Structure formats: C-alpha cells, structure tokens
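Asks: Spelled out from the first residue to the last, the chains are:
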Amino acid sequence: MLSVVIFLPVVVAVVLAVARRTPTGVTRWVWVGTTAVDLTLTVLVAATPAADGTLQGEEQWEWMPGVGSSYHVGVDGLSVPLLLMSGVVFLVCALWSLRATDRPRPQAALFLFLQSSCLGVFASQDLILFFLFFDLSIVGMYFVIAGWGHGNPRRSALKFFLYTFLGSLALLLGFIGLYLGATPHSFDMVELSRSGAFTGAPWLASLVLAAIVIGLAIKTPTFPFHSWLPPAHTDAPTIGSVVLASVLLKLGTYGFVRIAIPMLPDAWRSWAGVIVAVGIVSVLYGALVAMAQTDVKRMIAFTSINHMGYVVLAVGAAGIVGSTSAQAQQLAITGAVTQMVSHGLVTGALFLLAGVFYDRTGSYDLRDYGGLARPAPRFAAFFAIASFASLGLPGFSGFIAEFQIFTGSIGTTWWALIALPGILITAVLLLRAFQRVFTGPTENLAQGFLDLRPRETVSLAILLGMSVVIGIFPAPLLAMIQPAAEAVVATLSP
Amino acid sequence: MSAVLVALAFLAAPCGVALLVIGHRADRVAPGISLGITAATLAAAIVAFIARPSVSLGFISPTGATLAVDGLSAVLLLTVTAVTLLVLVFAVAEKTAPAARFHGLMLIFSAAVVVTVTATSLPALLAAWEIMGAASYALIGFHWQQPRTVPAGLVAFTVTRTADLGLYAAAGAAVAGGVGWSLSDLAGAPSPWLHVIAAGVLVAGLGKAAQLPFSFWLSRAMEGPSPVSALLHSAAMVAMGAYLLLRLEPVLLVSEWAAPTAAWLGAATTIVLGLIALAQTDLKQLLAASTAAQLGFVVLAAGVGSTAGGTAQLVGHAATKALLFLGAGAWLAATGTKQLAALRGVARRWPLLGVLVLVGAVTLAGLPPFALWWTKDAVLAGALETSPALYAAGLLGAALSAAYSVKIIATVWAKPDPRDGEKRRGDRRWDTEERGTRRVPAGALAPMIALAVAALVLGATAVPALAGPFRSLIGGTGDPQATVPELAVSAVIAVIVVLLVGLRGVPPLPGALAWFGLERAAELVVAGPALRLADGLSRFDQRLDAAVDGSARVLGALAGGLSRFDDRLDAAVDHTGRATDRIARAMLALDRGVDLGVERIASAVGRLGRTAGRLQTGRIADYYSAAAVVTIAALLLLIVVR
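For the record, the sequence lines run as chains A and B.
Position 212 of the first sequence, counted from 1, bears residue number 212 in the working numbering, the numbering being contiguous throughout.
Every number in the working numbering is 1000 more than the matching position in the second sequence, counting from 1.
Simulated from the structure, these hints should not be mistaken for lab results.
No experiment lies behind these values; they were computed from the predicted model shown.
Where hints are given, some of them may not hold.
[To be verified] Not the full set, but computed from the structure, chain B residues with beta-carbon under 10 Å of chain A:
(1) V1021
(2) H1024
(3) A1026
(4) A1112
(5) A1124
(6) W1144
(7) F1157
(8) D1164
(9) A1171
(10) G1177
(11) W1181
(12) L1533
(13) D1535
A virtual CB, placed ideally from N, CA and C, is assigned to each residue, including glycine.
Model the full assembly from the supplied sequences, consistent with the hints where possible.
Replies: Here you go:
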C-alpha cells in the first residue's frame, strides 16, 4: 500500500508524458484526481496501526544484497505527518493550476514525478533509497524552475541545482560513512538507528556527522548555506515555490530527526551546542534580513530560513542531555516536527498569495502597492490570516510548534532564550508588509487589482484551514508525533 | 457545571469568527448576535461566580487548557463580561460600522479575555494572552483606510508582544525547572529558573498593563474607535496585565527582587503617567495616560502583596474608566473632536452626559465617597506597611489623579467663552477629526448610567467595615486595611489639589505633553538599531551570495577539466549504447507490436528530452557530468574500501 502511495503519482506522470494528445482539461483533472487519491491512500496508511516492532505500511524487498541495501519503506510518527502535509500541498498545487495555460501536460507530469520523489524520501527506510529519491527531487525541481520560472530562471535553477546537489554529495559521503561504521555493514535505516554507527570511534563519527549535517544544512537551508534559496524562490513559478518551501526544505530537517540523531547519537550529543548556535543564528539572521526585503517572495524566503532555524535550534537542543531533561527533549523534537508541518501549510499559503501579486501585475515589489484591501478585500483577509499564522499567533499551527520548540529548547539550554526575539521580528516584518501593501489610500498597481478567484480561495482555505485545525486541536497530531519523538530521545540517552 | 465554563470561554469565539468570515452580509444581524452572546456570557459568568466550575482540556500538554474559577477570577469575569456588554450596547447605539467586522473582532477579543482570566495553566494563558494582543491590533487599526490607525496598531502589538516574550521564557524556564505549566506550581521552581519565571511574568504584566517603560503604546492605541478604548484600554486588555501580576504574586514574592521592582515601577508609573495625563490637551490621550497611572496602583498592590486592595482598585477603575472613555466617545461622535480646547463647556450642551462624566471624573480624582478613594487607600495601606517612601510616592500619584481629573471637569463644565457668541458656542472648533452628529443617542447613555452607579458603589469592596466578604473572596483577609487617618489624609490631599487646579489651572508641561519622548526613545534604542542591523545584514547577505557565485565559477573551471575526462567516458558509454541498440533491434525484430509501442515511447521521451535540452545552457551538461563523476568516484570509494 505504501509503495502505491509513493509510485502512483509517477506512474500517472509517465502516462501523461507519453499521452501527447490528452485534452488539457482532462490533464488538469487527472492531476487533481491523482493527488486526491494519493492523499486518501496516505490517510489510509496513516490510519492503519503498525504491528508490534514494525513500521506502518512497512515493505521490504531484496534489491542490492551485496551492499546491504534493500527496497525498504515504512512510516512512523515522524514521517506520517510530513507525508500527509506533502499530500495536501501537492493537491493544492494541482487545484491552483486548474486554469494554468503554460504547457499544462508536462507541468502536471513533472509535479507528479516530484511528488513521488518527495513522498519516497519520507517513506524510505534505506539510505540508498533515501538518497535516490532525495536526488530525484532536486532534478525535478530544477526542471520546474528552469522550465516554468520567470525573471532569470535558468541561472537560479542552475544555482539551486549545483548547490543542493553539492549538499546531496556530502550527504552521500556521510551515508557511505554510516555504512562503513556499522557492524555488520548496512544501509538499512532501521538497523542503523537501532545499533548506531561508529559507537566506539568518536572522531570518525564526528566526521561522518559533519558530512551529513552539511548536506542537510544546505537543503534546510540554514545560515550560511542558504544563498541558493532566495533566487530559487524569486524566479520559481508560484506552485514551484510552494513545493520548494513546503516540501523540499523539509527533506533537510527531516533528515536531522530521521538520520543524524538516531544513527550518530554520541556525536550528536557532542556537537549539539554547534547545532544550537547554527539554529539561533538562522532564526535571527533570517528574520532580520527578511525585514529589509522589498520583494515579497524574497521576504517569505528569508522567513523560511527563520522558521527552519527554529527546527534546527530544537533538534540541537534535544541533543543536550541532562539528568532531568527527557521531557524538554521530547517537547523540542515534537515541536520540530510540528513546525515542519506548520511551515509547510502556512508558507505554502504565503507563496500562493505572493503568486497572486505576480499573476495580476507582474510585480513582487511591496512598494508598488498601497491600500490594496479596497479593491481586493478577500486577498487582504487571506494575507492577514497567513501573516498571523506565520508569525506564530495562537489559534494557528505555528504557535503549537514554536511554543513547544521554545519551552523544550529553553528546558535544555538557556542559550535558546537568545532566539526568542525571532518571533517578534517576524511579527513586525509581516505586519509591516501587510500595512504597506493593503492599508492606507489605494495607489499605484493596487488600482483595479482583481480579488481572489474561487479556485484560489479554495486552495488557500485548505492550507490555512488545516493550520487552524492543528492550532486549536493539536492533540491528534501531537499524539502521532510523540511516540516517535520519544523513540528519538531514547536513542540520545547515553 | 463545567459546561458553563466551556460555554463562557468558547461560545463567543466561533461566533466572532463566523461574523468575520461572512463579512458585510452579516452587518445587519451582527449587533443582535453580538449583544445576545455577550449577555449570555455575562449570565454564564454569574453562574460561574456562584458555582465555581473547573474544566481540564488538553492543549499542547494533557492539562494545558485547564480553566477554573476562583475568587479572583470570579470577580474579574463578572467585571469584564459586564463591561463588554455595556460597551457593546454603546457601540450599537453609536452605530459603529462595519458592524460584522467590529462585533466579530470584539467577540474574539472577549473570548480571549475570559480564557486569560480563567486559565490556570501557561499554554492556554499564553494563547489567550496573544490573541488579545492580535485582536487589539485589528481593533486599533479598525478604520484601516486612515493612514495613522494601522501603524498605531502595529506599535501596540509590537510593544506588547515584546513583553509577551517574557511569558515564553517563563514557560521554558518552568520546563527547565521541572515544575510544569500549572500557574500555582510556578513559585516552586528551583533557583535560577525561578528568577527567569519571575522576570518573564513581570515583563509580560508590565507590558500589557502599559506600565513604564512600555506605556507609550497606549498613547498610540487611542487611534482606535472609542468603544475599543473603553473596553480594551480600560477594563480588559491592560487590566489583564495587572491581573497577571496579582495572580502570580507568589512568584514575585518568592523571588524577593521582583515584588519590590513591581511595586516601585507601579509607583513610578502613577507619578510619571500622572504628570503626562495632566499635560494632555486631547481627552482620550489624557484618559489613556491616566489608565496606565491608575493601573500603577494595582501593580504596586501586587508588589506589596495586597491582592484584595489591588483587585478592588482594578475593578473600580474598570467601571470608572470605561464610563469616561464612553463619555469621550459620545462627545467625539457628537462634536467630531476630542481636543479639550474645543470641548470647553460641552457638558452644558449635553447635561446628562456631562453629569455622568462628572461622576466618572470625581471618582477618578479619588474624592470621597466614590470608589477609587477607598480602593486606592487599601492599596496605599499595603504600601505603608512595606515602606514609607513607597507610601509617599503613592500619595503623590493620588494627588496627580485628583489634578488631571479636575482638569476634565473644569474643561467640560467651563462657562462658555463669551467670544464664541450665544448660539452654537464652541461649534467653530468642532469637526476637526470627524464629522460630528450633534446628538448623543439615549442608547449610548444607558450603559454609562450603569457604569456610573458601579463607580459609586464599588467602593464597598474596600470600605474597611464592609469589605470583609470581598476580602475573603479574594483570599486577602490578612491584607492591611486603610485606617481613618490615612483615609483622611488622602481625602484632604485630593480636596486641596482639586481646589488648587480648579482655581489656578494647570501650567503647560511640554515634556509630559509628548509622553516624555518614551516612544522616540524606544525608536532610538531598539527599533532604529534593529532596522539598521537588518539593512546591514541584508547587504552582507548579498555579498555572501556573490562569494558563493564566485566559488561556483571556480567549480565550473574544475568541471571543465573533468568534462574533458568525461568526453572519454562518454565515448565508452556511447559504445555501450550502440551495443544496447543492436540488442534492442534484435528484440524488436522478434515482435513488431512491441516494436511500435516502444518506438512511440522512445520518440515521446526523445521529445521530452529535447524540450529539456532546450531549457539547459550549454554549461549544465558540464556540471551534470562533474556531478556524475563525483558520484561514481564515491561509489568506487565504497567498493574499494569495502
């Protein structure tokens, strides 16, 4: 069943790619239908409890027994929330593109391919498989930006490709290190998490961890490896930005909780302080630089660096183990996973909103607008809601995530207090942008601005509605994450 | 009974959200719905006052949203729900529009206040606390078309959220200290963390209550509609800051330094903001400054452990100040101005309104026998027990309250300026801020009458002979009470100041008029440097980006070298390809049907490939091959090392 979830989109993608004479309308609805069916199947997988000692939807087939690699997939509380979030995001992208006119058939095929590769990463339980899906997602996104982007798409796409590919090579190096460090040699993630790698060789373990962390930090991205992100977002098409921010960035942060912590727990504990520092710098740096932006997409891109900084801070803080820190560590990990889901939903909505600017006037510049709430009240309302969601207002998922991240991180290290102004700066920058664009007298490009269309409203309502549901009733999501977070924390205890 | 509490806390919010979502189409029904819900909430608050329900709900932690009603929250619940209802009656009478958005936001706000008052655990408290702040932002910026309102909302939201960070820190420290998030357990945290909790709570409370040094946001908040000022900036939101300090008084006391700090900051606020109020020329600005000054007494009470006195002051002030803000709002709607100079003698034109404002101002002045005279002295009795200097500072603050209150009375009841002529006196200076309606609706006066009665009788909460039940309700039976000499002293001071100001007037105080440059200082010290840092980092980021591009060029050169190697590799691959081709042809010969299909797929793939090829620059092939080579090298390494 899980394999069907992973491969259904790519199978449909191949059919779409080959069937050249499919009418455009059919293509669009096939895309929507496939994502909807795939999301339903994911819900079914998530709803089926795992038998004792196995993973949900676990499947294992022999693949490359010579190098200890198999086709092994399965999900747990760390991956199910991300699979569900990705499913929702891809569905929303399909809905958003129902009126797309620019080569709709290849676009649908490409996004379905991208969906398979992303879902594959979250479901993989084998490092080679993980790496394969991870790289395919980079290739897919390269073509999305280069083929459907605007501005200077080829340059941005190339930069994105080179930078993240370099990161994935560091990751591969780390994976090979993990393989060599485990006895018996294995690429199996379940086994590696159970036994750990390089348990007796701290320096080797640290080197391997460095390779993995650099690989993941580029993907996340954290300071100072983030410079591919703003141009990629600025020049990507709207739904490309959405997938990039909502799903692709999570591949990096997911790697921290899935691979780096459980497989190299000793090294992680030794270097947790560095990770915390990187997290704090990313939080403050991302927020401050975002505040200085005038391009709405660049601004949102930098808030992503800020939001991913919270995740890095939390996973770092979880590595600071004390005698009574188990509760705090669990809060931090649970908060980190919640933040991944929350950021996916909320930033997805923000990038859709940014796309509306481009669609109507071709300008992302905040200074080109004023008093936009008069011609486009619904757009203003959604932008305000998305801003409040993004700044972590209670009632939205961001608060659940950030409250846990901060209380958990402060619970293990007081350095986390330094990152607190991040939530203040984010609030100021988003509300300043809102104020600039939507309030006051209507001027410049705001005149005659077309309000949200029903299809756009529905897409945004899905994403932000989910954020509200999580924000008010966090219990189901947290119940899903907590056992897995507990397991991660258990691997960290010395 | 817990159903009452759940209804109390959560009935208003979804209705508010529904009004916001439906928008203009709900404008006609919004006032009715809003009044119905707030009346029901008030009824539920009365039931809760008697039944004292509690309910435990999960929110982040399994008991994160535990709500309970004890004496303190019962009193405050009644106060805020009653004031909310009265203020909304006023707003309906004054036809605040667009109604759906206004009442939707007010309902969300009031739900947040109810949760804040009843929450006994940090997650729910902080959630409601921040929603109050956001609702306040939206309500201050309610008339977003006007250029000054939304920036004013942003200032208010930013300053209060800065202070809110204190609660995040406190929640983290509670985890670090291992005491959990229940409010009653916080005081038991071990040493370094106890101080973080105390500091966090103190900052959060001071920020929301507009105490020094945060007070300036309240000045900007006056850009909001009058009913908003009457509810948020007198009885509810700012009062919640003071409530938090009363509620968590044990934490402040245990830490040893936080309680005196709170007491002195409260006392300083009564004096400094008292001066600021005295200097104002705008009625709402005067009231705003006096709100911060009066809440200074509550904060002082929290600092000296005089919970009963502080609560009495909080409740008495809520009624008084809501009354005065509604009065200012009624005149603003009728005359189109809130400038004191333009409002000279306005009470003579609307005498009933004038009398009501007179009652409010006399109460605010601390004149006997009105409520604030008693409540303020209950607070000061606690101060005297702690430190005579604190008592003296409090008395000075009390004298200033008398001064600014009498300034209101002297202005609105002034004899008309003879130069203005007999008819339509003062009118020529009206309509400077909006178009006045020249009428005060009866519906707007009704809630003010109720508030005026409350301002009269609420003194019973602090009259030494009558306050027994109230004090045991709050759990402050042992708190110090005002003695007859103390009451006499404060009464005499108030009367003297009233006479002095009434006869001699107020000298101009230019520094105080500009709120002593508090906002400017915050801009200089915090906002300005933060923005400059943001610009600097943004420039740095561009340089970082350029450096990355530079290194990419180096990589490109490297890739060029590698690609020469790759050409040879490519040739080898081609060779394999040709072999595959031959096999494929042999296979195809076997089955023509398969042949057709495969050919079609192949041509489609080829076309896709060509499309993809068109997307690429020449150089990406180099990069791909470089990447491929590195991958192969890594795999070789794997095979060799294995």
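Asks: State for each hint whether it applies.
Replies: Tested hints:
1. V1021: Since chain A brings a Cβ to about 9 Å from V1021/B, closer than 10 Å, the hint holds.
2. H1024: Interface hint status for H1024/B: holds (9 Å vs cutoff 10 Å).
3. A1026: Result: violated, 14 Å to nearest chain A Cβ.
4. A1112: At 9 Å from the nearest chain A Cβ, A1112/B passes the 10 Å test, so the hint holds.
5. A1124: holds (9 Å)
6. W1144: holds (4 Å)
7. F1157: Since chain A brings a Cβ to about 7 Å from F1157/B, closer than 10 Å, the hint holds.
8. D1164: Hint on D1164/B: holds, closest Cβ of chain A at ~8 Å, below 10 Å.
9. A1171: At about 5 Å, which falls below the 10 Å cut-off, the nearest Cβ of chain A leaves the hint on A1171/B intact, so it holds.
10. G1177: holds (9 Å)
11. W1181: Holds: closest Cβ of chain A sits about 8 Å from W1181/B, inside 10 Å.
12. L1533: This interface hint holds because 6 Å falls under the 10 Å limit.
13. D1535: Check passed: Cβ of D1535/B comes within 5 Å of chain A, closer than 10 Å.
Of the numbered hints given earlier, the model fails hint 3 alone.
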